[in-house]
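Q: Chains as they are written, first to last, in this note's numbering: chain A, 2 to 120; chain B, 329 to 467.
Please keep in mind that the hints were generated in silico from the structure rather than gathered at the bench. For glycine and all other residues, C-beta sits at the position ideal for the given N, C-alpha and C. Warning: the hint list may mix true and false statements.
To be verified - Computed, partial: chain A to chain B, Cβ under 10 Å:
#1 Thr3
#2 Phe94
#3 Phe100
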Amino acid sequence: MTKEFVVDTLAYQLNRQVLSFATEEEARDYIGQGDSAQLFIVGVDGTDLDGFDLIGTIKQSSPAKICIAMSATVDHEQQAAGMSADGFLAKPFGMADLFELAEHFLVERDSPAEVEAEN
Amino acid sequence: MIRIGAAPSEMRRMETYDIFFCRLQLLVVMARGYLADCPPGEFRNPAILNTARRVANDTVDWSGRVNNFRTESETKRGLKLDPTFFQKVKLLTVIAKSFTSSEPMGQFRRSALDENLESICDIIGFTGSSQATRILEIM
Chain A
2 MTKEFVVDTL AYQLNRQVLS FATEEEARDY IGQGDSAQLF IVGVDGTDLD
52 GFDLIGTIKQ SSPAKICIAM SATVDHEQQA AGMSADGFLA KPFGMADLFE
102 LAEHFLVERD SPAEVEAEN
Chain B
329 MIRIGAAPSE MRRMETYDIF FCRLQLLVVM ARGYLADCPP GEFRNPAILN
379 TARRVANDTV DWSGRVNNFR TESETKRGLK LDPTFFQKVK LLTVIAKSFT
429 SSEPMGQFRR SALDENLESI CDIIGFTGSS QATRILEIM
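Bound conformation, chain B alone (with noise of 0.2 Å):
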């Protein structure tokens, strides 16, 4: 039997903010195989529309006590987040939801999408690259 996920040591229940940031990651990796012209699929779709949809969603609801998540995420991650990451990720949302369209994007939105997904990266610690990568390979 493998085992993956937290050690013993560490492991407890899944809080919103543990599922918030997974959700972004998910959402950076999708826009990075986007970029990278990965296949849309008649299953990817409808997983593309609802990870932006529950971002954009938690997004707004963070926005509304960004001093606690602040906080908490300070504590908890390390991470410091102010009320302009949260445009970007809700940027990142309103992208995500066109990459389903077969509708071009064009070259200056990539050059935006990939601007913003670089400042959500850097400000979450997490490339998707290798991900994305992965996801093509398995194409």
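Chain A extracted, bound-state conformation (with noise of 0.2 Å):
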């Protein structure tokens, strides 16, 4: 729900395409394949993934990539910061938020790229 809702706000916003992975798996795979993307919001609170190890997967393997942690519980925003994540995304957000962070980390940039919205 959160997700979805992340996915229409962006891509709204920036008129880009955004893509969301139900899975760490997906998002591994996706990432594999050799991706555009600029940013990935990644939740670190669910239950079957490890959202931190995606982000230290894209931050080792992709430092420039943008990484941004989103989770309702406090003591993640200090893992975040051990992760070397670029933002932390606090719930509960609202629309103005999501505004704030693409035009922090995306909007001043030229070059059109994809957002990934995962978990």
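Two chains, two frames, some hints: make the complex.
A: So, in structure tokens, the structure goes:
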């Protein structure tokens, strides 16, 4: 539910393709195929995936990719910082927060690219 | 690392009503954007249709238990909602689905949309004007 809202908000705001993945495995497959995404929003409080591990993988292979950790848990903010995440999206958030996030990281950049929302 | 969203003391899972109001705000911005002649786009149109569909579905659900919803929203957000609010939201979703069509809306429909938007915005305390302006600037 939250993921779909994030996807629709960013797709409308940026008029760019926004992909979503149900599982960490799907996201890893996509990344493994040589993705062109600029920004990843990774849910880190899911029960069936390790979002922090995914952020670590992305940052290790492509440090320039922007990774945002999304969580409803206070303690995850420190963990996200430890994984070199670029941002922390604390739940509950609103449309204006997503606008702010996209404007901060994407709007001032010129090259078109995809955005991903994972979980 | 930047931090966006809820303050640490207010962090919690996002509930159905959180998403409903977020989507409704997004729909308001989409409508404002339409009225301001924000150009549609390949990726915008599906977002508009999906948002309108989800808000319409949620509104149907809420209508069946409007009293519960009203009690909860008054407690949590200080909103005074009544069944006409949901009818107005439903109307907005129907009109929003036409945004992706290339058919012109016409002066009177645009005027009706604007009035409906004003009414909804008064209730939810959100205008969407600044966000719509920012969308236009992004274009």
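Q: If a hint holds in the structure, say so; if it doesn't, say that too.
A: Verification of the supplied hints:
For Thr3/A, the shortest C-beta to C-beta distance to chain B is roughly 5 Å, which falls under 10 Å, so the interface hint holds. At about 4 Å, the closest approach between the beta carbon of Phe94/A and any beta carbon in chain B falls short of 10 Å, and the interface hint on this residue holds. Taking 10 Å as the C-beta contact cut-off toward chain B, the hint placing Phe100/A at the interface holds, the least distance being around 6 Å.
In summary, the structure agrees with every hint in the numbered list given earlier.
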